[in-house]
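When you line the sequence shown up against this note's numbering, it's residues -8 to 237, in that order.
Don't read these hints as lab results, they were simulated from the structure.
Check before you lean on any hint, since a few could be wrong.
What the hints assert, rightly or not - Straight line, CA to CA, 35 Å or less: simulated DSBU-like cross-link-like pairs of lysine-lysine:
1. K68 with K5
2. K5 with K38
3. K5 with K137
4. K68 with K35
5. K161 with K189
6. K161 with K78
7. K68 with K109
8. K116 with K137
9. K38 with K220
10. K124 with K45
11. K220 with K184
12. K184 with K38
13. K38 with K137
Said to hold, decoys possible - With beta-carbon atoms standing in for the labels, derived distance ranges:
14. A1 with H166: 44 to 50 Å
15. V51 with F181: 20 to 26 Å
16. E188 with D226: 19 to 25 Å
17. I120 with H166: 40 to 46 Å
The beta-carbon is built from N, C-alpha and C at its ideal position, and this holds for glycine as well.
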Amino acid sequence: MDQNQEQALAQMRKSVQMLGSSTEHCGDPTLMRFLIARSMDTDKASKMFVQWQKWRAASVPLGHIPESEVEDELNAKKIYLQGLSEKGYPVMVVKANKHFPSKDQLQFKKFVIYLLDKTIASSFKGREIGNEKLIGVIDLNQISYKNVDARGLITGFQYLQAYYPERLAKLYLLHMPWFFVSVWRLVSRFLEKATLEKVVIVTNEEERRDFVKDIGEAALALEYGGRAKPVPIQDFVLIPLEDSSL
């Protein structure tokens, strides 16, 4: 860590205190995510951090979302965890043809928190460092108009950008049909430049090979050119942090 980063972190800790909050339980890697997300502007990063704390306290009072509160979304078995990529990032696969716009937006928002929290936690080795990232794969194969959910996609991205800064390493969109192009254009308007730069729409064989190489065969299911067994996110067992010596 260079001197400028150390100074920014020190200033951010002071700024958060002045806003009436605390960074006591957060290490430098966590704070650095907020600084990077706000181009190292300590005032903006501090405000974003405090907003995140308030949101977390209100939306996830237990520290996690119980599966009993998102049963309808989980029963669709549309989200899979595929292990870690070549760079050690957890890989979350979304089967879009199993998704339908939710009639219960509160449950859907809780589901977004559940899947992001669990995906990130699946990469913890003994403890959370604070700078862990994830790779998302949205498989649009065999989707119909009934599966299209621009609102849901926008919600997911807004949560990532506002409450999970610098958590997204890469997002791959596979098998995009022609009618989804206009949907993606709409969704893209809500994406920050930094987020949009991490999105890869796989359209040809070369991009598909890069996709397999980036993630690695060990973390990809057979249908994507890998050898991993797809595991529904609710069936993925996390290693308890207090029991892990890794």
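Against the structure, the hints come out as follows:
no. : hint                       : in the structure
1   : K68 with K5                : 44 Å, violated
2   : K5 with K38                : 12 Å, holds
3   : K5 with K137               : 49 Å, violated
4   : K68 with K35               : 38 Å, violated
5   : K161 with K189             : 5 Å, holds
6   : K161 with K78              : 12 Å, holds
7   : K68 with K109              : 15 Å, holds
8   : K116 with K137             : 39 Å, violated
9   : K38 with K220              : 42 Å, violated
10  : K124 with K45              : 22 Å, holds
11  : K220 with K184             : 34 Å, holds
12  : K184 with K38              : 20 Å, holds
13  : K38 with K137              : 39 Å, violated
14  : A1 with H166: 44 to 50 Å   : 47 Å, holds
15  : V51 with F181: 20 to 26 Å  : 23 Å, holds
16  : E188 with D226: 19 to 25 Å : 33 Å, violated
17  : I120 with H166: 40 to 46 Å : 34 Å, violated
In the structure shown, a violation is registered for the earlier hints numbered 1, 3, 4, 8, 9, 13, 16 and 17, in ascending order.
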